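Q: Here's the letter readout for the chains.
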Amino acid sequence: MALHWKTTLSLSTLSLVTLTVAAAAGDLNLPRQKVELVAPPYVHAHQQATSEGPKIMEFRLVAEEKQIVIDEEGTKLRAMTFNGSIPAPLMVVHEGDYVEVTLVNLASNTMPHNVDFHSATGASGGGDLTLVAPGEQVRLRWKATRTGVFVYHCIPGGPMVPWHIAAGMSGAVMVLPRDGLKDGAGKPLTYDRVYYLGEQDFYVPRDQKGKFKSYPTHVEAFADTMDLMHKLIPTHVVFNGAVGALTGKNAMPAKVGENVLIIHSQADRDSRPHLVGGHGDYVWETGKFANPPQTDLETWFIRGGSAGAALYKFLQPGIVAYVNHNMIEAFELGATAHFRIEGPWNDDLMSQVRAPGPVQKSNLD
Amino acid sequence: MSAQSLKRLLPALLLLLAVCAATGRLWSAQAPISLPDLVELPPADFLYRAAGEVLRDGRPAVPPRLITRLERPLLIMRQQVTAAEYQRCVMAAACAGSEDAAAPDTPVVKVSWRDATAYAAWLSRTTKMAFRLPTDREWAYAAGSRLVDDALPESAELADPGRRLLARYDQEWDRAAGLAKAPQPTGTYGANEHGLIDVAGNVWEWTDSCFVRTRLDRAGNVASDVVNCGVRLVEGRHRAYVPDFIRDARAGGCSAGTPPSHLGFRLVRAS
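Taken in sequence, the protein lines are chains P and D.
Letter 239 of the first sequence, counting from 1, is numbered 266 in this note's numbering, and no numbers are missing.
Letter 66 of the second sequence, counting from 1, is numbered 81 in this note's numbering, and no numbers are missing.
Derived by calculation from the structure, the hints in this document are not laboratory data.
The structure displayed is predicted, hence computed values, not measured ones.
Every residue, glycine too, gets a C-beta built ideally from N, C-alpha and C.
Worth double-checking, as some hints may not be accurate.
Stated by the list, open to error - Pulled from the structure, derived: some chain P residues nowhere near chain D, Cβ distances all over 10 angstroms:
#: 1; residue: Phe86
#: 2; residue: Glu127
#: 3; residue: Ser135
#: 4; residue: Ala250
#: 5; residue: Arg296
#: 6; residue: Gln321
#: 7; residue: Ile346
#: 8; residue: Ile368
#: 9; residue: Pro383
Claimed, not checked - Cross-link-like lysine-lysine pairs, in silico, BS3-like; alpha carbons within 27 angstroms at most:
#: 10; chain 1: D; residue 1: Lys196; chain 2: P; residue 2: Lys276
#: 11; chain 1: P; residue 1: Lys238; chain 2: D; residue 2: Lys196
#: 12; chain 1: P; residue 1: Lys236; chain 2: P; residue 2: Lys103
Claimed, not checked - Stretch-level coverage of chain D by chain P, calculated; a stretch enters the list once three of its residues show a Cβ under 8 angstroms from a Cβ in chain P:
#: 13; stretch: 69-82
#: 14; stretch: 166-178
#: 15; stretch: 186-194
Let the sequences and hints guide you as you build the complete structure.
A: This is the structure we're talking about:
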């Protein structure tokens, strides 16, 4: 069964229009910068506004198939990742930069992989030019012509597309304006911290007793998983690859008074994020910085297949939950992350005027 | 019949009667319920901090840890009720079926306070003894050295809401760190000094105690008590207050905080 499946895929690979146009080395007379990617929710060091000119930014993405645990019951999933994490790491460049990505498909993997950058132009975002078999690597260069946050994901072809994405193969890119972020009036906006929250929907089949099934290989998970995906109802909706992954010891720290940029991507499915007890001071809901941000938002919308960015200055200490505000998804399916905010309480913004006690006859008591 | 022949027949008759009686009992029930293993704890003084929320002069307060006395001997189950034991109640149609298909020799989990109470009622009927959930005080006594004191330092309790929430959050996450995800076979967490097994493991235990909010005046006298018995106290690595119909508290009651991993119970036998 596995052999037949692989043969079918090779044929569909051949039927893709595979362009192999190798760019001549040195045709871009630009400085190069190698970037070491960092595991989400953290982001690699970068400048916001920059006085430097465009560069060739070098990145390495490694396709890795692995088994992961996605919830507190220990449910195992045959996942597919870039660089071992779900979501894949955030890549940050500036408008006008050239992004040179080396995509490696580990020899230990069982399937071809590629990558489609929503920020790139042509060849299915690079998907047509990056399909590699296990044991191969390829290098793609695309020009960052539009500012904003954008999804990238694996797009191997046919039913493989939704399956690889549902198995975790997506991340995001941020293309900053060279003079940094601005509000609607052109006033500069800066952030003290940035976090990247990739939201992922999983579809894990259950056995007759209702328990989540695990599979010895990816191929054996395929049929059941696709049947369940067709119903369009996920069993898990999580940040950072597992229920509770950004809570407890992994809650994201910040301080009262700090501006925090929160980048949120969802490769497949709509989400509506909300800071519990907080707001979006400046929100690029569609994620594109050429558009002025909306201000003072309660809850915003991340369209499936896109990324958005929100800037918030935390004003109160405590645990501030960041939820997909379908509370069924937030509480029952796992779509909750925690910010851990230290600093002084602001009594003017909120105060418990009278502590709980027995019901009185009038408000004057 | 002569007196002599009656005398000879009597043992046989008695034996026949005994056999008939035994057969009759087997016909009307399954194998008799074996009594759970109970530990008897003598009356004693022990340190106890009242549960519930306490407000003093309108601000959160830490109730003192006081020496309290258990006046009567406490008869408490050595181990938590197992999945196999609970299943007998389900088979007798006296308990709601547990959603969990658990291994028989693990503590029963995904049971609510209502489920635990129904089990206690069924066990009492079948054994003709009075079983019930322990009160929080009884549980604290039986837990002994395994009891985790819940109070935050006064500096945290009296601090602003942000600092208080952070202190509580950190404390609960520290407690839950390293806990196994699935219920473990009975005995995995060992015995405390009283011989009770699996106290404060990864299964929290229902008590009969209701949620209480006590208001003290500035002098420390009780001004009011609001009791909500729709919410019951759950004991384990930390105290939790859970609505009585909840079987799985993992989703928590709020966006933050660490809920119990699993909900189970053990019973006391009232004298």
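Q: Each of the hints needs a verdict: does it hold here or not?
A: Cross-check of the supplied hints:
no.: 1; hint: Phe86; result: 34 angstroms, holds
no.: 2; hint: Glu127; result: 41 angstroms, holds
no.: 3; hint: Ser135; result: 27 angstroms, holds
no.: 4; hint: Ala250; result: 24 angstroms, holds
no.: 5; hint: Arg296; result: 20 angstroms, holds
no.: 6; hint: Gln321; result: 24 angstroms, holds
no.: 7; hint: Ile346; result: 4 angstroms, violated
no.: 8; hint: Ile368; result: 7 angstroms, violated
no.: 9; hint: Pro383; result: 6 angstroms, violated
no.: 10; hint: D:Lys196 to P:Lys276; result: 17 angstroms, holds
no.: 11; hint: P:Lys238 to D:Lys196; result: 15 angstroms, holds
no.: 12; hint: P:Lys236 to P:Lys103; result: 17 angstroms, holds
no.: 13; hint: 69-82; result: holds (count 4)
no.: 14; hint: 166-178; result: holds (count 4)
no.: 15; hint: 186-194; result: holds (count 3)
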